[in-house]
Structure formats: C-alpha cells, structure tokens
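Q: So you can see what is in the structure, the chains are spelled out below.
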Amino acid sequence: MAISRSDVERIAHLARLEIDAGQAEDVRAKLDAIFALIDELNAVDTRGVVPMAHAQDLSLPLRDDVVTEADRHALFQRTAPAVEDGLYLVPKVIE
Amino acid sequence: MKWEVVIGLETHAQLSTASKIFSGASTAFGAAPNTQAAAVDIALPGVLPVLNRGAVERAIRFGLAVGATINRRSVFARKNYFYPDLPKGYQISQYEIPVVVGGTIVIATPQGDKTVRLTRAHLEEDAGKSLHEDFHGMTGIDLNRAGTPLLEIVSEPDLASSDEAVAYAKTLHALVQWIGICDGNMQEGSFRCDANVSVRPAGETKLGTRCEIKNLNSFRFMQAAIEYEIHRQVALIEDGGRVVQETRLFDPDRNETRSMRSKEDAQDYRYFPDPDLPPLVIGDEWIERVRAALPELPRAMQQRYAADYALPASDAATLTASRGLAAYFEEVLRALGGGAANAKLAANWIQGDVAAALNRAEIGIEQAPVPAAALARLLSRIVDQTISGKIAKDVFDAAWAGEHGGDPDAIIAAKGLTQISDEDALGRIVDDVLAANAAMVAEFKAGKEKAFNALVGQAMKATRGKANPAQVNAILRRRLGG
Amino acid sequence: MLTGTLAELAAALQAGRISSVELTQGLLARIAAHNPALNAFVTVDEEGALAAARAADAARAAGTAGPLTGLPIAHKDVLMTAGLTTSCGSRMLARFTAPYDAHVVAGLKDAGTVLVGKTNMDEFAMGSSNETSFFGPVRNPWQHDHVPGGSSGGSAAAVAARLVPGATGTDTGGSIRQPASFTGICGLKPTYGVCSRYGLVAFASSLDQAGPFARTAEDCALLLNAMAGHDPRDSTSLERPAEDYTRDLARPLAGLRVGLPAEYFGAGVDAEVAAAIEAAIAELRRLGATAVDVRLPNARLAVPVYYVLAPAEASSNLSRFDGVRYGHRAEKYSDLLDMYKKSRAEGFGDEVKRRILVGTYVLSHGYYDAYYLKAQQVRHLIADDFRRAYASCDVILGPTAPTAAFRLGAKSDDPVEMYLNDIFTVAANLAGAPAMSIPCGFTRAGLPIGLQLQGDYFSEARLLNVAHQFQQATDWHRRAPTLASEASPPAPQEVAP
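Line order of the protein sequences matches chains A, B and C. The first sequence begins at 1 in the numbering used here and counts up by one. The second sequence begins at 1001 in the numbering used here and counts up by one. The third sequence begins at 2001 in the numbering used here and counts up by one.
Hints in this document: simulated from the structure, not taken from any laboratory. Nothing here was measured: the structure is a model prediction, and the numbers come from that model. Any given hint could turn out to be false.
Label pairs and their calculated CB-CB ranges [stated by the list, open to error]: (1) 92(A) with 2058(C): 54 to 64 Å; (2) 92(A) with 1031(B): 19 to 29 Å; (3) 1161(B) with 94(A): 28 to 38 Å; (4) 2286(C) with 24(A): 54 to 64 Å; (5) 2445(C) with 33(A): 22 to 32 Å; (6) 2480(C) with 36(A): 40 to 50 Å.
For every residue, glycine included, the Cβ atom is placed at its ideal position computed from N, Cα and C.
Input sequences plus hints: build the corresponding full structure.
A: In structure tokens:
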C-alpha cells in the first residue's frame, strides 16, 4: 500500500498532529517504507485463524461496586496546564 | 405525497452504581468540579481500568427484563476521538460484541399494543462535562461524570411517529427504574435519548437518509424535536432538496434542531478491542441468580391485575407506572383482604385522592404521609359502612395532614364521623325532613324525580353527611310510596 | 566493593562491611562522575536515596531487613515514582511529577531497595537505540560512540557501568533484552501478566512488561521476586501463587533440551555474533544440555506484525497526551483543534509521531481488516509456533540481536533498518512468553554480544536456572567497561519554557 500525501494529511488530522509542510514528504516517504515492511503480511494465509488480541487467555476480573477513591484533585491538578475553580481550561468548545 | 416516518432511539441510561464503571470514584451527582475524578477518570499516565461488577449485573438485569440474549462473552473496545471531556482520547465501549442482544419493549398505542424490537444494549463509560460559562474565553472541563457507567440501549427503527417514540421512551424510562438499574432522573442526565429520524414516501421499503438528534432530555423536547425534524425533512424533500446524514442538536429555546458543527468532522472512531480489558465472561449461574432476584415486571403485573381483579387496562397501567405505586396498591389490597370489589375501590382511591394529594405535595408515593396500611384502614371503614365515601375524603385529608397521628379510626372517633345506620334513628330524621319540606314532597309527587334527590340531600345535611345514604334512600322511597 | 552484584552487596550489608548509606553515597558519587558522559540518568534523587538508605540501615539494625534491603537501584523513567519527575523520555512529560508509584516500583520499595534515580529511555519506550529521548542519547559504556540499545538504554547503561547494581526496564518488543545484549548485562522480560502494568506508562498494552536488569541471573531473580505478583489494579495481571525465582538457580542442566530454530541462525546475523552463540551452545552442551532442532516458520513475520499492533495500541494509548490535564501544551494556538495539534506536534518526537501515524492508519476505516485484524491473526500463528516448539524443548536459544551495538546515528534516519533490529525479540512479546538476554561474548571491537533464552509461559525460574549455570561456567558477565569519565557530555536538548 503506497502512502500518499493525502493519506498522511488524513491520519495526521485524526491523530491531532500538526505536520510541517516542509517535513510532509519525509514523513510520507518513511511511512511508505514502513508499510512496505508491513505489507509482507498480505501474503500470509490466515483463513480461519482467530485474531489474538491478548497475550493470555483470561476473562475479565471484576471489582466490587464500592467507592474507594478520595478527592485528590488538588494533587492531580498541580501540573495541569490551565486550571480555574477546579476546572481544566481549554480553548472554547463549540458545539 | 404521503410520508412515512421511521424512528429508532438510542438511550443512555446511567447505571445506579455507587462507584464508576472502571474506577472506585463516587458517581454521586452534584459534587464540586473534579473532586470525584479519580486517577483513572482523568486518565493519568499508567493507570488502568478495572470493571465494576455492579454495572455488569445491572446490564444482565436489563437483558433479562426485556427478554434479550445475554452474551456469555462480550468485548470492550476503544472508540477513539479527541474531545476535552474525553480524557483518554477514547471511550471504552462495547462495539462488535455487546453484553445484551435483542429483546423487546411493548408500548401502548391508540391502535393497541405494539412490540418494539431492541437491537442491543451495551456497557460503556460516560464522558465529562464542558462548562461553557466564560472563563476568559475558555471552556471549563469537569470530569466528575467521566467514567459513570452507562447502558446504551438501541432500538430497531420500529417507531412510526413522535407519539410512539415518546411512548417507547416513557416505557423504557419506567422499566429501568422498575428493575433498579437507573434512577431515571432526566434533569440530572441519568436518562438521555438520541433519536434517529428519517422519512420516506408511504409504501417505500428503502429507508430514507437519517439524522441523529441529540439533547432530548425531556419527553416534551423529544416530541417537539421529532415533530420539527419530520417537518424539516419532508419540506426539504418536497422542495427538491436532499436530507444529509448528520448529527443535529435540539434547541429547546427555539424549538428547532440545528446541525452540530463539532460533529461535522468525518468520523473515524478506529474501534479496536481494548488490550487493557480481557473479554467479559458471564456464567449461567450468575444469570440465574440475577433472574431469581428480578422483580415481577410491570407488564406481567398488568396482566395479573386484569385477570385476577378484572381491573380495566388503564387502571392496571396507571397502578404499575412505578414499582412503588404498584407495591402501595398491593399492600392496600392485601390489607383489605383482596377481591375484585376491593381492588377497584383501592384503584379508584389511589388514582384519585392519593394521586391528587401527591401531585399537590410534589412528592412520590414512597413519601406519602398516608401509608398503605392507613389507606387500607380508611377504605375498610367504607366497606363496613362506618363512614360514607364522602366522609372518607375528609378523613383522608385529615390523615394526610397528620391529625391524630394520621390514624383514620382516631379521626373518625374524634370528629364523630361515624355513619348513622340505625334504621329507627334514620326514620325519625327522614320524617323530620319530610315535615319540613312539604313543597319538595309535592313536587316529587307531581313527578319531579329531582325533588327526591333534594330530599336525600336534606337528610344528609341534617346529619352533617353522616347518614348512610343507601338507607336514607330506601326509607324515603318507602315513606313516599315510590 | 561499590561495584559488586546485588547478591554480593547484600552479603556485605548483612555482614556489616558496608552500610546502605555508605553504599548509596558511593554510587551517587559514581553517578555524578560518570553520568555526564553516559547520560544514563535523567533524574538523580540524592535526598530521597539517602533517606531510604538510612531507613534501610535502621531496618537492618532492627532485624527486619530482607534480601534487597538497602540495595540501590534505578527505575526506567516510564515507571511512575511518586513525587519524582516521570518523563518517559519525552518533552510531553518533561515537567510531569508522578502522583503515585507503579506496582513494580512499590514492590521494590517495600522490599527495602533504595531508589537513586530515573533512567533515560527512548521516548515513550519507542526505539531500539535510545536516540529518540528528548533528553539526548545514552552512550554505550563500552564505547561511547555506540548506542546502548533501547528503549531501556539508560537502565542498561547504568547497570553495565556499575552506577547501580540493578535497575528496572520495560520490554514491549525487546526493550529490556536488546539493551542488555548491547551493554553486556542480563535482562529479563517476564511472562505477560507476571508484573503488573499499573503505573507503567503504556506503549502497547498487550505487549508491555516490566522486568529487571542486573549483571547476573541470580540478581535478576532477586529483583523479579519483588516485582512480580498479582495486582487487582491491572485486569491483565495474573492471579497465581507467588514464586521464588531463585529456587532453581542451582539445578544442574543435565537433561535440558535446548531448541535451536534455524530461523535464528540464518542470513542477517553478524558472523561474530553467530560465533559467540555457537560457543555458548557448546558450553551448554558441556553442562549437560542437548540441542534440538525446532521450527518457528512464522518468525520472519514477527517484525511486520509487531509494527502493526504496537503502533495501533500506541496511537490510542498516547491520545491522552492532549495538553488538557497534564503534560505539554503549546504556547500559541488559534483554537481547540490547533491546540491539540500543536501541543502534540511539539510534545512528541519524530519516532513517536511516526508510530502514532502508522497506528492511526492501520486502525482507520477501510484498513482495519487488512492490517490490524490480519496482524492479530498472524500473531496467533506466531504464538502457535512457540507452543509446538516447546513440545520438544525446554528453552529456545539464539542471538538477542543480529549485531552488537551500532554507532550512534547509524540507523536513526532509517526506521525500517532500526525496526529489523528487533527481529529476534518481538516474537516473545507477541506470544506473551518470557525471555532473557545474557552476555555470551564480545566482538573483536570489544562490544558485548547477547544470548537470548526464551521459554514457555511461566518458565522464568527455568530461564534463570539456565542463565545462572551458564554464568557459573563463564565470566562474560564479570567483564566491566573502562569508563572514560573525561568524555564530553552529550548536550541535552533544551526544555522549552
């Protein structure tokens, strides 16, 4: 799968990464090389093979429904970029 | 052209757990910002989700209540998108394999019962809240709600009008409270609906392009939003336009829906199984335990009321509007000794005086100052003819107000309200009334039946309502030779 | 005395030949002298270390000391350490103070170890050379113009340089074993789920495991004893009875079946590396092991599978770094979208961004089945290869990496070349099975060569046994680099205000 400039733009937007116009071609070329490596998988016959999502065949452990966490927002917000009245501040969200 | 409306609802019911779906933070509503946002909820680096058993149990309860299949193995996936109220940059939700599949909800329509099919119900986490008050041109983010467990209940597009959509939502709203999985508080956002609405020419089998309407946080808004949306789409098509698939927000102030700019972005959620969470496995034994603890459901109860007590369907439906109301009714009826006549008496009172008093006081049946036992004592005094139905209303009001400890018998005794049923005493009273109202007697004899009622009224007035009206009637008829 | 192994230092502490405070002070001085040249540490916590050392000495006086009490160690900077910066080698978290301890950090703290500092690493553990760190590359103590391997290059270099006797690392595709190989020390990646991932900043959640670095297998076993164990805060943490990983160290190797996959001995393996591995096999045979031919037919697919799955998970795991609640936020932006894009573009380095882009692509609409699902299927085939192989052997043996350490900058502009360095290590992560690297020789140029031992699930004690017996018969692990403390320090990149 050859990676195009528009592919790079599409995924960079999805991933919320700004890419300098000057670097775009270098980024594209490197991704292209990586996908050439990845494309080796295309030739493998995987019919009927169950996808392996986890390293161990476990079932989900469950927690009892009890409140165990105390308020620690002062500690957590100590390194926050912008906070006021206990709220995290971000540029205006438009709905 | 005649148009057909196709609606499917997606409902987010906040599950009534004490702690969040993947963290031990409290889910209590109304705390100061971010004081209930634990490390997992704010997605600190390195923290991991651990699933709350209580949330799963509630999902199972729902699945059983709607006759759905409980998947013995379901999978949590990540839905990836960026939004400030979504701390991880992904929402943990169930995608390909949800915990609940299928099931039905039966709604009442003017044409009779209608079965609405459910597609699925899946567990997921709620997002936080964006507060748009002005913080120097910025938005404030409160993550207290982030991680609150949600059950997203998806219906098939089986609803054909805004009325049906609202009936479905109301039935579902009552059910989730009935089975104790959601507090149903719509003001606090515990029960939220999105509607997928499309129109097509009548008879067309292909679905039209749908719009998803968000922010339907009351039944009234839902009705208005769907109505607006139907008219918008029909007008658009009739003007030669085309409906664009999009997400629209209902604006209750303008009573219209509008396109959501923030959702215009091409959505590509890049779902994949969450590597932090192995598959959720639910054993038969757990399901059976939940089934055994499931309360009788409103529909079964309505059928039982109709069969056992011959109650009209409307009464049965009203009495089973909530589990509390049904329990109240059943307790009253049990104390009265059961039977169809007592059932109807109790039903009338609960739907009449009790409901009116609850509405005036703006409280629920659980807070009623006249508990079921007291109402049953009051009604038994009507049954044994100690008081008339009319006097009973006064006793009820006194009990509601807490007079004499709210005890109907004490109120009747203290106020001397016991019905006069003594034949001789009533005879003397009737004789006095006849003597004092010769004109009325003459009118009656001249054929005016209304005059008879007036004479009964005089007898009741003379006893301040305490005379047994049936006996007064009988004595008067005898005296007047009618 | 300062440069002893954990076991030797523990004996010295127990015998009272040295106190933990003296040992800690001595190592802090070594770090101060040599770290400027090596850049192995990004944080040194002198005050905290001395306080912990004093507490350890008090515990010993009170008779409550355990086997690790008072021993100085370092943590890879991807593990959360309460009160200390935990940067993940990234500008994104350069100013982030961890508010809690990772499970393995707490385990080692409870065991009485003395944390002297946090070690440099490839940014967010993505790299095989330690050149992607925001804080500049780590130098290989054996030759400063060579890389120490990655991503746990700082921990490996610190242990190899005898700045600490032991350290933690994390291994997603070889990030413990490959740097252990490049620096001539031991590194163990446990079975997935043996060490809780709680507090390990996730790179690829289904592959990440923390593990120990030390100079001997015995020391690795001692560290793993304190790191392993069930943790209800990690839903993939395994609930198993506690193990003493030292229990089999002394077991003779007679009867051991060593699996030799042809796939690990073919073209692409450097001749000097191949020769050292052959010599190691001969040594094991001498110790009583028998060699068995096994096949891992899908081995060559491990790298492409890994470079689909790891970036896919990473692209999602790193979405939380959005400049909202912690971490870097761009100074100038026009709106919310711009803030996201600029904060992330500035906060992440090129390799991290590249992997986020690859991962986003393989999960995106229309490509999921062709890439992500396909890779998960091939992952299954790779795990099955191992299952079959372990029916006829106890351990699988081969080179940890195809070459010894390479020069700084040699591969930094060619990601594919860099990725192929992981060819022998990624499969163990995909299968979730344990593996370790131990030193088994040197190139003529004087660079260490690593032998990789892989085993079936939960065979850590067996791997450590084989490694320990090998080390009883060889002295590769005793060789120490000559530190050139006068070498000019690498200039760290400037941290933006």
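Q: Flag every earlier hint the structure violates by its number, smallest first.
A: none
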